[in-house]
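Peer 1: So the protein lines, in turn, are chains A and B.
Our numbering numbers the first residue of the first sequence as 1 and each following residue consecutively.
Our numbering numbers the first residue of the second sequence as 1 and each following residue consecutively.
Simulated from the structure, these hints should not be mistaken for lab results.
Keep in mind that the hints are not guaranteed to be accurate.
One copy or two, either will do: identical chains are not told apart, so a pair holds if it fits within one copy or between any two.
[To be verified] SDA-like mimics (lysine to any residue), calculated; alpha carbons at most 25 Å apart, straight line:
id: 1; residue 1: K3; residue 2: P100
id: 2; residue 1: K40; residue 2: R198
id: 3; residue 1: K3; residue 2: A43
id: 4; residue 1: K40; residue 2: V199
id: 5; residue 1: K3; residue 2: D13
Model, not experiment: these values are computed from the prediction.
There are 2 protein chains.
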Amino acid sequence: MAKLRFQISVSLDGFVAGPNPSEEHPLGEGGEQLHEWVFKLAAWRKPHGREGGEEGISNAIFEESTQNLGAVVMGRNMFGGGPGPWGEDPWMGWWGDEPPFHSPVFVLTHHERAPLEMKGGTTFTFVTDGVESALDQAKEAAGGKDVSLGGGASVAQQYLRAGLMDELQLNLVPVVLGAGTRLFEGLEGTDIRLEQTRVVEAPGVAHLFYRVNR
Amino acid sequence: MAKLRFQISVSLDGFVAGPNPSEEHPLGEGGEQLHEWVFKLAAWRKPHGREGGEEGISNAIFEESTQNLGAVVMGRNMFGGGPGPWGEDPWMGWWGDEPPFHSPVFVLTHHERAPLEMKGGTTFTFVTDGVESALDQAKEAAGGKDVSLGGGASVAQQYLRAGLMDELQLNLVPVVLGAGTRLFEGLEGTDIRLEQTRVVEAPGVAHLFYRVNR
Chain A
1 MAKLRFQISV
11 SLDGFVAGPN
21 PSEEHPLGEG
31 GEQLHEWVFK
41 LAAWRKPHGR
51 EGGEEGISNA
61 IFEESTQNLG
71 AVVMGRNMFG
81 GGPGPWGEDP
91 WMGWWGDEPP
101 FHSPVFVLTH
111 HERAPLEMKG
121 GTTFTFVTDG
131 VESALDQAKE
141 AAGGKDVSLG
151 GGASVAQQYL
161 RAGLMDELQL
171 NLVPVVLGAG
181 TRLFEGLEGT
191 DIRLEQTRVV
201 EAPGVAHLFY
211 RVNR
Chain B
1 MAKLRFQISV
11 SLDGFVAGPN
21 PSEEHPLGEG
31 GEQLHEWVFK
41 LAAWRKPHGR
51 EGGEEGISNA
61 IFEESTQNLG
71 AVVMGRNMFG
81 GGPGPWGEDP
91 WMGWWGDEPP
101 FHSPVFVLTH
111 HERAPLEMKG
121 GTTFTFVTDG
131 VESALDQAKE
141 AAGGKDVSLG
151 GGASVAQQYL
161 RAGLMDELQL
171 NLVPVVLGAG
181 TRLFEGLEGT
191 DIRLEQTRVV
201 EAPGVAHLFY
211 RVNR
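In isolation and in its complexed conformation, chain A is listed as follows:
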């Protein structure tokens, strides 16, 4: 059966973004350190139009985590454009004319908006009736492949609380941010049963894999 898979980079103290996000620091102060391991990889650089890159363990892990995916679910913050109604000249996403998803993307929002078709096979569909509906639509669109949960932390927490996440991959980066957005928050009293399925050592990052049991 198609699975909902989530992978994210996290600091050793549990943050997925640093404090005080701004235009200058969209991932918060220090937050870009969480993603340095990705930006170096050949498998990340190629779809982002850049040459070269590393082809080691993390590259293989990254390639694997992008395979057999047929659709994406993400939160409004991840799509961007600030909170509130979309307005007359609405935000088109962070990714330019041809976003790197090349698949249907379902954006969770409280504000209705017509679907947005981009170049390269990416279509943004705006879902206003909750996480379960977004996942159902994404699974339907994925045609038997898995669905990727794009983030951010708040959406991941919603799917964990709803018992709808199947696989969790943490890329644990050896930095201490001290403050910012926590991956695990507001989960007190939620019965989350994880099973460690794989641990991979790579230069400057630990890749940790978990199955979420029901």
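Position chain B against the provided structure of chain A, taking the given hints into account.
Peer 2: Coordinates of chain B only, in the frame set by chain A:
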């Protein structure tokens, strides 16, 4: 040079103890799950007077983490007996007549107390003049071997903030506690430079090793 080494078991959401610690749940609700991997090990059971146990990867890691240690530093909470002055019939520690340390132990406290000599080579010395003094005394007593930081979280944070920790080993357990005592807290603005030195996959736990650079 002798190093200050710290190893601790931590939940996936960053807690080293669960919420609401009590006599029934000294490690907080759910906190005992963090240590199940240890209690199963032959290398843990033997010094605690129990037979049998597992001899796999975690056992080797646990044995390694107890080698070349000449002294221990721990906080008052770890030693136990509640906060405040020691009183007339003072607490003698959680461990009975013959504690499993078999080495000098330096207990950080705000309340003076004469040293306490136990069976099997464990002596508790109570240090009231701060983390640096406790470490100096422990290094002196360790005679060239390393010093183990026994915990808890608050003492670990003090040593991290003071830049006095050399090696950090996290045993990451796939449970989500949701609340409790965080390992990393109150570290905002502290410049902590970690280097991942090793990652070891073991059944039901990931052993993560870091060097703390100055």
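Peer 1: Have a look at K40 and V199 and pick one of within, between, both or neither, based on CA distance no larger than 25 Å.
Peer 2: Cα proximity of K40 and V199: in one copy and across copies (21 Å, 21 Å).
Peer 1: If the cut is 25 Å between Cα atoms, do K3 and A43 qualify within a copy, between copies, both or neither?
Peer 2: For K3 and A43, only the intra-copy Cα distance (23 Å) is at most 25 Å; the inter-copy one is 39 Å.
Peer 1: Up to 25 Å between alpha-carbons, please classify K3 paired with D13: within, between, both or neither.
Peer 2: Between copies only: 23 Å across chains, 28 Å inside a chain, cut-off 25 Å.
Peer 1: Reference check for the pair K3 and P100, CA-CA at most 25 Å: within, between, both, or neither?
Peer 2: within (21 Å within a copy, 47 Å between copies)
Peer 1: Could you place K40 and R198 in one of the four classes (within, between, both, neither) given a Cα distance threshold of 25 Å?
Peer 2: Intra 23 Å, inter 21 Å, cutoff 25 Å: intra and inter.
When held up to the earlier numbered hints, the structure conflicts with none and fits them all.
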